[in-house]
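> Sequence:
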Amino acid sequence: MSTVAEIIKAVERLDPEDFLKLRSALDRVEERLWDRELGRVTEKHRKEKLTDAQIDELVLKRRSRGLRP
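Reminder that position 6 of the sequence shown reads as 30 in this note's numbering, one-by-one numbering, no gaps.
Some hints here could point you the wrong way.
[Unchecked claim] In silico DSS-like pairs for lysine-lysine, Cα to Cα no more than 30 Å straight-line:
| id | residue 1 | residue 2 |
| --- | --- | --- |
| 1 | K45 | K73 |
| 2 | K85 | K73 |
| 3 | K68 | K45 |
| 4 | K45 | K33 |
[Stated by the list, open to error] Cβ-Cβ distance ranges computed for the label pairs, FRET-style:
| id | residue 1 | residue 2 | range |
| --- | --- | --- | --- |
| 5 | E81 | D39 | 20 to 28 Å |
| 6 | W58 | E36 | 22 to 30 Å |
| 7 | E36 | T75 | 28 to 36 Å |
| 8 | L46 | K68 | 26 to 34 Å |
Since the hints were made in silico from the structure, they are not lab data. Cβ coordinates follow ideal geometry from the N, Cα and C atoms, glycine included.
Model the full assembly from the supplied sequences, consistent with the hints where possible.
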C-alpha cells in the first residue's frame, strides 16, 4: 500500500473534529510550500526580467500540472 493510500485510510477513521484540525494543518503546510515555491520561482524569473503577473501565471500553470520544484 502506498503512503498516500495509508494516509487516506487513516483519515477516513478520523472523527469530524480531528478531520477539521487535519485540514487546517494541511492548509498551513500548503501555504508554506506555495510561499517557498513562489519565492524560488520569483527569484529565478526576476533575473529574466519578468513581471509579477507573468511570474504568478507561470507558477499557477506549474501547480495545475502537478509539477513540484
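> Compare the structure with each hint and give your call.
Right, here's what the structure says about each hint:
Distance hint between K45 and K73 is unfulfilled; the C-alpha atoms sit about 41 Å from each other, more than 30 Å. With a C-alpha separation of about 19 Å, the suggested pairing of K85 with K73 holds against the 30 Å cut-off. A threshold of 30 Å between alpha carbons decides the hint, and for K68 with K45 the separation of about 35 Å lies outside it, so the pair is violated. A hinted pair counts as satisfied when its Cα atoms are at most 30 Å apart, and K45 with K33 qualifies at roughly 17 Å.
The hinted window of 20 to 28 Å between E81 and D39 is violated, with their beta carbons roughly 40 Å apart. Taking the beta carbon of each, W58 and E36 are about 26 Å apart, inside 22 to 30 Å as hinted. E36 and T75 have their C-beta atoms about 44 Å apart, which leaves the hinted 28 to 36 Å range violated. At roughly 33 Å, the beta carbons of L46 and K68 sit within the given window of 26 to 34 Å.
Violated hints for the displayed structure, listed by number in ascending order: 1, 3, 5, 7.
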